[in-house]
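Just so you know, the protein sequences line up as chains L, Y and U, in that order.
In this text, residue positions in the first sequence follow our numbering: the first is 3, and each later residue adds one.
In this text, residue positions in the second sequence follow our numbering: the first is 18, and each later residue adds one.
In this text, residue positions in the third sequence follow our numbering: the first is 1420, and each later residue adds one.
Note that these hints are calculated values from the structure, not bench results.
You may find that some hints are simply not true.
[Stated by the list, open to error] Across the chosen pairs, the derived CB separations fall in these ranges: (1) U:F1495 - L:L485: 51 to 61 angstroms; (2) L:N624 - U:F1495: 37 to 47 angstroms; (3) Y:V37 - L:Y379: 18 to 28 angstroms.
Keep in mind it's a predicted model, so treat the numbers as computed, not measured.
Glycine included, each C-beta is placed from N, C-alpha and C at the ideal position.
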Amino acid sequence: MKKITYSLNYRKPKEDYTENCELTVCVRYYQKLDNGKHKVVKKSTGVKCKLKDWDSDWHKAENRHPIKSTDSDYLEKNRIIRNKSIDLHSFIKDLKPVKKISTLDSKVPKGPLHLKWSNHKNNVRLVSPANKRNIDIIVVGTGLAGGSACATLAEQGYNVKAFCFQDSSRRAHSIAAQGGINAAKNYQGDGDSVYRLFYDTIKGGDYRSREANVYRLAEVSSSIIDQCVAQGVPFAREYGGLLDNRSFGGVLVSRTFYAKGQTGQQLLLGAYSAMNRQVARGKIEMFTRHEMMDIVIVDGKARGIITRNLITGEIEKHSAHAVVLASGGYGNLFYLSTNAMGSNVSAAWKVHKKGALFANPSFTQIHPTCIPVSGDYQSKLTLMSESLRNDGRIWVPKKFEDAEKIRDGSLKPTDLKEGDRDYYLERRYPAFGNLVPRDVASRAAKERCDAGFGVNKTGEAVFLDFSSAIVRYGKEKALVKGLDTEDLDLVRSLGEGVIRAKYGNLFQMYEKIVDENPYKTPMMIYPAVHYTMGGLWVDYNLMTTIPGCYAIGEANFSDHGANRLGASALMQGLADGYFVLPNTINDYLADDIKTGPIPNDSPEFHTAKKKVEEKIEKLISNKGSKSVDYFHKKLGKIIWNNCGMSRNEEDLKKAIKDIQILRSEFYESLKVTGDKYSFNESLAKALRVADFMELGELFALDALNRNESCGGHFREEYQTKEGEALRNDDDFTFVSAWEYNPIIEFSKLHKEHLDFENVELKSRSYK
Amino acid sequence: MKLFLKIWRQKNSQSKGRIVDYEIDEISPDMSFLEMMDVLNERIIEEDGDPVAFDHDCREGICGSCSMFINGEPHGPDKLITTCQLHMRRFRDGDTIYIEPFRARAFPIIKDLVVDRTAFDRIQQSGGFISINTSGNTLDANTIPIEKENADKAFDAATCIGCGACVASCKNSSAMLFVSAKVSQFSLLPQGKVEATDRVLNMVNQMDDEGFGNCTNTGACHVECPKGISLDYIAKLNREYVKANLKK
Amino acid sequence: MKNIFKSSIGRKIAMALSGVFLIVFLTQHFIINITSVFSEDIFNMLSHFMGNNPLVQFILQPILIAGVLFHFVMGFVLEWQNRKARPVTYAMYKGSRNSMFVSRNMIISGIVILSFLVLHFYDFWVPEMDYKYIQVKPEDPNRYYEELIHKFESPIRVSLYCLSFIFLGLHLVHGLSSSTQSLGTNNKYASTIQKISYAFGIGIPLGFCFIALYHFFIHF
């Protein structure tokens, strides 16, 4: 026997209460087991009710409302209670024996740091070319990580099925990366090395990443550049014909390779062309405009996925020997982010729901240089490359009155005297100045704006000023050309030319969006969500806790700790796809050489497909009144306001509650128009937002759980007197890996302790 | 702002489409064109209609997804931008705006403004790559210096985002600018020269098989190209093609 | 190599080559005609040579006719293919925002030129053939100038000729530079070629107009 009931949470004998006492309402699940024992799950709803308003005969009433109409807020309260019971119900329904994860084994090989990867490569099992022909691999996502993995796996001889929701694999959001890609080539001879890249990444990540993974990343970084040049990626070059480099935030060397402001595009097209070569050979089967809806696990191993064809709406079953997720990050949880409109967490979340752990979900990178929000209708934020901070100086007015005048338009920023400007990054961090890491720069901007020094109408913007760079470059040019260096107009126009050559496309983009000329008046910028360091937990082999299910690129958590350095995302994506996964996956697939083709008509596939169809039916037949975007925007606001650049316990707790309420409202009043068997973007969106609704809660829970400030995660309770992040290495030197629970608040935390054997844990200083 | 929209609606690739009129009010000049479309779609959903389907993703002008033919031009009246970078301040209150899909036989319509551009992928698959293995056992990146001028030209060609505006604007629906950009990128680099002959022959063959029209050098493509890819690359493609034919 | 002219680029090149060939012919034609303005004798001499030299008559003339036919047939084939490449047309298409009117309407200028050629053949080539090969009249090296000015007595014919020359100009302005682009000339010459193209496309037809009008007005 199973039942769900409502009850009041009495803490002392009933007689001790008067009718005006308020008690918390609980939902209670009761199950009588075969062995005569009972199982009871009781959960608070957070709703309070006076004894006089409680209807103890609620189960007899038709609407089963336990709170009587004498309570002024009875409708809302009953609604919350009912939704809690639905949550609990689905929890019970999904309750089945999941293999218990006892300890997290990161499988980092033994031996000295610099030999770990080569030793590991020498020791993993291999699969012979003849056997590779009989093994299928599914890759979800075709960005830098997915595309490069597809190409390399297919080249090795595996049969690859590649899936992307875009109309072509070339459009994955890696394409939008502007600045560059790091590699420890030391072409500039400025003392760079694998160790330094490793060290900078660990330090930049605020000591919350896994040493062995980061070292491996630094180690393979230089092969990436070789590989890409061989593929015809047109990196920027010097007049001598050799590759050019520039510098990025958080480091003191120039190790960033770039292709103007379109490095991501050029690298992605490189991976795309490598994929094309394999498509032509018949080794990759491309499924564009397909979205992964669920993963299928057979005998404890990942054996396939369920997809939705976004053109016809058909639900399809695809089987393989292993599944690789390269589905990117979940920054769109915030609604407004620099991610593409389609970027979503669904693939990763579905895998999480089937047993993969989700690591550090709250580690989000907020990029300091984005174009500020201008209105409610806004759908998307635009990033201005970090490289701008090489030449731009960030400031706000020193005086509060000036800031006010600038906001209402009565004072032009260019009229403000030098002495009245506060170049706060240069003031606070003299050593790194405007090139401090992203988390530090973002927080500093927020701090100034919160203090009332913001410079646009909404008060949420700071200036990024190129005038001194323009004058500096102009004078240099004038000197070289033998012109008058005192002629300010000439100097400025020469300087503008130099800036145009360096950042022309970015300036043009800014002018298009904001309708102001950034050569003449300083740019306005504000931080925006950009990248998520968190993701599926993976071991050294990049395998999640589901055997045969791998996660690479932004979809995993592994290399960036609590903050990612600029130009490292491209590096990680390609490292995982070209060099790491193709080595480590062999070790797992060596067991599958005799398995033969995986059938896609097993009961596991049928059940998974049916569940997906039910979910779609539920969303599309919902008789609500509000569009998906309405909910997505609301969710984004909750997350941004409570779990954004700085977080505190109270806000996080509030966020968890608000998300729970929003989620139940979502299922109640969502409206999806159109047909499920056709091209239907609002349905696709609804399916994605449904997963964000769940992730959001885990996100807040994770932030709440981590009682320290580190990298992009800043808890107001944990800061130094100067307002710098205060890490707690004694208690939090671990990765938070969450195990799914249908009641997300109950998600179980697993800790992977991080051992630092090769670097000393220091508090990060950029002063 | 109040606007009168004339939008091409077509249920699927089989059905016949038509222009449908919409009136939309309270549009802010600071909105992007796609945000205006979002507002329209929200309203259509409110009225239980089927929202207008259109391709879009990055909304910062680089992914090449968005593909509208606005008032007689791909990506609208502004040059060197994609639809997602077009802002409503470009229009005036009371304007009538025609919104159509990119039209070409090789780009069949999937729904409304969404077209199938996989023909471009197939052209790339026929030879738009350098056949080296991705295992990392290649030369050091600085072994072969590349003249800066050629590297820059290769980069300019490589900026193509594959949006298809060249095809859409061309009166003949020719894909020459797209193909020439890819062929030129590789043929300008020493790494790509090795396979130049086969590449150009195969890619042009595939382009013809897809049913694109012939280039008549009107130059519409390079004017409308959001990345400003020059017509010079088409001349280069012609040259490469003749050269390849003489070799084979 | 054998498939080159089956491909789109191959056809463009064929179009360009035949176009360049016709341009060369046109230049030659113009040079001979302009002499009629300065000297009756030179004109007669050149015309007689062209009309009676076996190389010109039996080799170059058939090649020219083949070239003209090829250029037209290919032009129509390409136009047909290009229309097929966009089965549903745009409700709103602003070609003027991105290209020249002449470049988009080569088929129109081409058809006008074709009709003109019919008239032109009827006026000169047919009587010439009739004179030489049907009636087999005796050679008269001095008849050409007379025949020429006789034709330009009619104001209708002169205006039709002039109108056609305007279209010829429109065709040439795009045609010449387009041919070189199709033949893949290096980009660094592009702007010079464009200028030559304008000069040629305006100059030659203007010259032809001048000749026609000159002979028309000397009647008064």
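So, going through the hints one by one against the coordinates:
no.	hint	in the structure
1	U:F1495 - L:L485: 51 to 61 angstroms	59 angstroms, holds
2	L:N624 - U:F1495: 37 to 47 angstroms	58 angstroms, violated
3	Y:V37 - L:Y379: 18 to 28 angstroms	23 angstroms, holds
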